[in-house]
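*Asks:* Construct the entire structure; sequences and hints are all you get.
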Amino acid sequence: MATEKPHINLAVIGHIDHGKSTSVGRLLFETGAVPPHIIENYRKEAESKGKGSFEFAWVMDNLKEERERGITIDIAHKRFDTDKYYFTIVDCPGHRDFVKNMITGASQADAALLVVAAPDGVMEQTKEHVFLARTLGITQLIIGINKMDAAKYDEKRYNEVKEQLTQLIKMVGYNPANVPFIPMSAFQGDNISKKSENTPWYKGVTILEALNALTEPEKPTNLPLRLPIQDVYSISGIGTVPVGRIETGIMKKGMKVNFMPANKEGEVKTIEMHHEEQPEALPGDNVGFNVRGIGKGDIRRGDVCGPADVPPTVADEFTAQIVVLHHPSALTVGYTPVFHCHTAQIACTFIELVKKLDPRTGQVKEENPTFLKTGDAAIVKIKPTRPLVIEKVKEIPQLGRFAVRDMGSTIAAGMCMDITPKQMR
Amino acid sequence: MGDVAIILKIMPESPEVDREALKAAINDAVPVKDLKEEPIGFGLVALKAVVVVPDKEGAPDEVEKSLRELDGVGSAEIIELTLM
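Residue numbers (the numbering used here), protein chains in the order written: chain A, 1 to 425; chain B, 426 to 509.
Any given hint might turn out to be false.
To be verified - Keeping only pairs whose Cα atoms sit at most 20 angstroms apart, straight-line, the calculated PhoX-like set for lysine-lysine is: (1) Lys195/A / Lys152/A; (2) Lys64/A / Lys448/B; (3) Lys64/A / Lys490/B.
Stated by the list, open to error - If we take Cβ atoms under 10 angstroms as the criterion, some of the chain A residues that face chain B in the derived model are: (4) Ile39; (5) Asn62; (6) Lys64; (7) Thr72; (8) His95; (9) Ile271; (10) Glu276; (11) Gln278; (12) Asn286; (13) Phe289; (14) Arg292.
Simulated from the structure, these hints should not be mistaken for laboratory data.
All residues carry an ideal CB built from backbone N, CA and C; glycine is no exception.
*Replies:* Shown next, in the form of structure tokens:
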């Protein structure tokens, strides 16, 4: 699907039943991304049943059925266009498996639309998702205060929810002045593509205007090369071929590279993508490359390739900010779950709980807490049980985030703030 | 509450793996909705699959696991995941 417009990956987040899916459906509908035959049937149904009695839910149901019948790789993500951008939507599932994927997967979200139902206000998952969005490095946030129709389009209620949200997002580090708070009804279509007559007191932007005002993500080509290895092959007549996706920087033919923690150096002889030789490869490219000086057994999945003069950082220990998403009891010093960071999966030990942050105020709630539980945000010290490449989130964000998993559950998400590097040379 | 669509990238153990047989095995192992080839280089071809499973914790992991256990699969990993 060729398009000249810049692309933005939009995560839709929020508490269960606050109207995420309806909001997505409404965006598709208003931007013309719903197939014409569904719209045509919608019109016919609306005419036969009389306006008013006929509901948007019908479009939602039909869209869902259509997707279930004919989903393909190319349309697995819902997409729509505004005047300025082309969006794909990551509609976050209700369980927490999506967290690991948003950290290690192919499409990190560039912006988030947080949906909060006006009658309910801020709920548990609203908080969790706001924390997560920040931890995942989503800097651009749009808030839709949804179901305004169920709150009688009451300005007072809008202001109450807006105030709750202002406190919440401020504490995780968003500047509320840069975040639009839009009273909307996904169901009725208020303030989605045009200003609603039902909210004459609201002078701000619509959802589509807010989406158009987002900033286009830049490809991180100015950072040093980082390519986490997915697989390593030994190909007859060619030699060792690692395969992976470039996260940051540029890989060039002839470049001297270093693989960490293997601590092996080599030279990039050829780069191939789509079975064609490439002189260079950029962030997002899935490549195979042939390296001189490296044997298949020298490197493996989880190793990271970088330039020989700026090799990937191997952590002896690191300090991280985490948010505990789900732990059946309490997380204490000595706990050693599996950390998923780029393509690496390595057991790491919590060696110090430095401080606990209060999710309600953002202030330090407790120095050296004895345990952490679900919903806590904290600064902690971590020691990998095997060498692990990780970078400070401030320097190379793409390699600074991780998901913590144990017994098939996602326990926490976090970002690396500081590193005590392991001397490799 | 609904279903999730998962996109997986499956790498063969080597360029010599019979792709048609591998595709058939993948189709038998998990509820595949779409499966296509993505050439990488040096004769290596990744397979990309869309699999739809119920939105419940652990379901995506199960899919990954059953694909990894297939003969000829070098690696299988979820690259994208979204509600239907």
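*Asks:* Hints first: check each against the structure and report whether it holds.
*Replies:* Hints versus structure:
| no. | hint | result |
| --- | --- | --- |
| 1 | Lys195/A / Lys152/A | 16 angstroms, holds |
| 2 | Lys64/A / Lys448/B | 27 angstroms, violated |
| 3 | Lys64/A / Lys490/B | 27 angstroms, violated |
| 4 | Ile39 | 20 angstroms, violated |
| 5 | Asn62 | 13 angstroms, violated |
| 6 | Lys64 | 6 angstroms, holds |
| 7 | Thr72 | 4 angstroms, holds |
| 8 | His95 | 4 angstroms, holds |
| 9 | Ile271 | 8 angstroms, holds |
| 10 | Glu276 | 8 angstroms, holds |
| 11 | Gln278 | 9 angstroms, holds |
| 12 | Asn286 | 6 angstroms, holds |
| 13 | Phe289 | 8 angstroms, holds |
| 14 | Arg292 | 14 angstroms, violated |
Checked against the numbered hints above, the structure breaks hints 2, 3, 4, 5, 14 and satisfies the rest.
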